[in-house]
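Novice: One-letter residues, chain by chain:
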Amino acid sequence: MGRGLGTSDDEKWRLNLSRVAIALAMASSLGAWGCDSEKRTVDATAPVTAPTGRSDPRLPAYADNKFQQSQGGLYFTWYGCGQCHSQSAQRPQNFSTANFRYGGDIPFLYQSIADGRAGGMPAYKDRVPAQQIWQMASYVKSLPKTNQYLRRREDLDQKGQPTGTTWSGAVR
Amino acid sequence: MTAETDLRARGLADRRRRLLAAWADAPGLWGFLTTVDHKRLAARYIVTTMAMLFAAGMLGVDMRLQLAAPDMHRMGPQGYDESFSLHGSTMLFLVSVPVMEAMAMWLVPLMLGQRNMAFPRLNAFSYWMYLEGVLMLWIPHALGFTPDLGWFEYPPLSGPAYAPGHRADVWAQMITFTEVAALCVSVNVVVTIFTMRPPGMTLGRMPLFLWGMLVASFMTVFGLPAVMVVTSMLIADREVATHFFSPSGGGDVLLFQHLYWFFGHPEVYIIFVPGVAFVSSIVETFSRRVVFGYVPMVVAVLAIGVLAFGLWVHHMFAVGLPKMGADFYTAASMAIALPIGVQIFCWIATMFRGRLQLKTPMLWVIGFIVTFVIGGMTGVMTASAPLDLQLTDTYFVVAHLHYVLVGGAIFPLLGAFTYWYPKATGRMMSEVWGRISWALVVVGFNLTFFPMHLLGLMGMPRRIYTYPAEMGWGPLNLLSTVSALITVVGAGIFVLNALLSYWRGRLAGANPWGGSTLEWATPSPPPPYNFDYIPTVDSVAPLWTRDELHALEGLSLDSREVLVTTLVDAKPDNRQKSPKPSLWPLLTALAVGVMFVGSIFSPWPIVWGSVPVAATIVGWFWPTRPRAQRGPLRART
Chain A
1 MGRGLGTSDD EKWRLNLSRV AIALAMASSL GAWGCDSEKR TVDATAPVTA PTGRSDPRLP
61 AYADNKFQQS QGGLYFTWYG CGQCHSQSAQ RPQNFSTANF RYGGDIPFLY QSIADGRAGG
121 MPAYKDRVPA QQIWQMASYV KSLPKTNQYL RRREDLDQKG QPTGTTWSGA VR
Chain B
173 MTAETDLRAR GLADRRRRLL AAWADAPGLW GFLTTVDHKR LAARYIVTTM AMLFAAGMLG
233 VDMRLQLAAP DMHRMGPQGY DESFSLHGST MLFLVSVPVM EAMAMWLVPL MLGQRNMAFP
293 RLNAFSYWMY LEGVLMLWIP HALGFTPDLG WFEYPPLSGP AYAPGHRADV WAQMITFTEV
353 AALCVSVNVV VTIFTMRPPG MTLGRMPLFL WGMLVASFMT VFGLPAVMVV TSMLIADREV
413 ATHFFSPSGG GDVLLFQHLY WFFGHPEVYI IFVPGVAFVS SIVETFSRRV VFGYVPMVVA
473 VLAIGVLAFG LWVHHMFAVG LPKMGADFYT AASMAIALPI GVQIFCWIAT MFRGRLQLKT
533 PMLWVIGFIV TFVIGGMTGV MTASAPLDLQ LTDTYFVVAH LHYVLVGGAI FPLLGAFTYW
593 YPKATGRMMS EVWGRISWAL VVVGFNLTFF PMHLLGLMGM PRRIYTYPAE MGWGPLNLLS
653 TVSALITVVG AGIFVLNALL SYWRGRLAGA NPWGGSTLEW ATPSPPPPYN FDYIPTVDSV
713 APLWTRDELH ALEGLSLDSR EVLVTTLVDA KPDNRQKSPK PSLWPLLTAL AVGVMFVGSI
773 FSPWPIVWGS VPVAATIVGW FWPTRPRAQR GPLRART
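Protein sequence lines correspond, in order, to chains A and B. The first sequence runs 1 to 172 under this note's numbering. The second sequence runs 173 to 809 under this note's numbering.
Please note that a few of the clues may not be correct.
[What the hints assert, rightly or not] Some but not every residue of chain A turned toward chain B, in silico, with C-beta under 7 Å: (1) Glu38; (2) Arg40; (3) Ser70; (4) Arg101; (5) Tyr102; (6) Lys145; (7) Leu150; (8) Glu154; (9) Leu156; (10) Asp157; (11) Gln158; (12) Lys159; (13) Trp167; (14) Val171.
Everything labelled a hint here was simulated from the structure, so no lab data went into it. Ideal Cβ positions, reconstructed from N, Cα and C, are used throughout, including at glycine.
Make the full structure from the sequences, and use the hints.
Specialist: In structure tokens form, the structure reads like this:
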């Protein structure tokens, strides 16, 4: 991501100022409405290491964030994960239900992606940067909660994307 | 005082007392929430749009500061995306269209000598829906999630795979709110103009202002459903996995662009045609003669209304449509310059043949003509498909669209604001400060946006948050930013002038500018019932052809009644009961709002949300009259 999607401190200050003013004027009662899932800040917390466990302070920014999940979904496609873990795969490769064999939280999913698992899951830690593994773990964590039709719809939108080592060109 | 005039004065006082009792709102908050007075609702609309204009204008200044010099990082790309998306969406959907609707809501009944519009409660519903649309966009912004895909959000970028979260839904549903609001006013304006013209005002004697508002309202009625449909389809794609815009699933992303621009291009004219209407009124008054070429002017505005629906594809020249088809849209786009040219020549002829008075509203019109002609010429350039392929997505387009929208609509609007301000408030705005603000805004605007043409030709793309110094775009961008600040100073003076004049301005009297149309025949500000007597007219400029208007008697003084006339000849047809103030429009708007907001999170609110909507509509239309004793619907025993 680099500087790409970051928010500088200065900008934060300005945005916060305008938000505070408007929030006070229009919506003070709604302020508590959970919007963490909508946040798009990456820079400050871009991780370079694996999660240390369930109390890792970086977890909340990835656990339920729609943007991180969506980015993870794109990498999931690009790295070819769907070749084994598609919607029509057999369990346990199918992630449509919350029955993860090695645990469904980000630290376990991260470990599965980074180090691989017995039975054919390769290790990706030497090929994929840590932040992207975080994002893919976040995406996989979200899959059981995702409506199956919506997941299929998202996959269709990404049909022209390269998957793994193959790219068949733009959709026509 | 003779006995007769004394008697007449007492009769008038008695008449006004009775009319006031029938038409005045309840005092206080209850009156505020229940009013159906078109003047109060329109004033509320205008104040809200001005607040939005200020907010979105500040976003524009913020972006100019960001682009003032190369390699600025006070804003990141995400912040910049959010800024221009919020700026564009607010300006188009929450400022330009509603403010024009509001001007129509305020002026149409006054210009028709009527006491209210055809559907007063629909006006109230429209305002509340619009306000909810404002909150729909700006509360999420306050909470930290702002739509960030521009003012037209094309799928697949805005589809489920690439626009996570609810940012795109917020934008799409904001459109639904504002378009429902705009449709309500437009239908109202059309019906009011067609059925409530004063006796004698045949279609051929309608002021050009009303022709403009009529055409703009028809365009709204035909154009806006397309965008409501397309944004609803987008929400359906994102929420319940329909495949409207999924090529791999049998859908088509171009469908979005076609439907969007089938609305989007007429929208430009929905904003511009009311501007034309303002200009015709102002030019007539300050040239001291009726506008030159009434028939060509009417035909021209009708032609704009028709042609505007035939050129939307010029927004899509770069998407790879067949080149043969593009030629037709190039031709249509160039053809629309003809009726606009006719209008501009008619105005110039009016000024030339009249006795021109350069008061502030007229100065805004001159600013409009100069600026809009430049914008129109760059429009003819971009209408050419081969040239457009080079210019599309560059700052040239940014310059063009600001020239036509600000020059073509906002300058006439500011002129109209100055022109009708005394009618609305009873006081004049300062002429000196008016001229200063005019000069600063017109000069500042041109110096802000003219350099963008050159930047575009130098290759600067739109929607970039910064650029490297080697591109050589720095000096022109700095000029643009400094000039934007000049414009802001001018706009600030305009706002202060309007605010201070409200208390300190010179008293205006009924007709300070010597205008010719009926709104100048009633006191400033107009009383809740608008007119003591229902006037009749016998020319297109009634106040200039007669010293005293003839009036029509026969409407009730003790209940709300309005006069309905025939479509073409405006012959008195019947008396129509006009609805009283009511809380139901607000309650209905709240029920619809709950359904709309809920429906971006789940499809089910459309099901259970329709129950409160139905209940409030039943309450709204609950019959208050006794059953008829005659006719097919008579009460049977």
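Novice: Could you work out which of the previously given hints the structure breaks and list their numbers from low to high?
Specialist: Checked against the structure, the hints that fail are numbers 4, 5, 6, 13, while the rest are satisfied.
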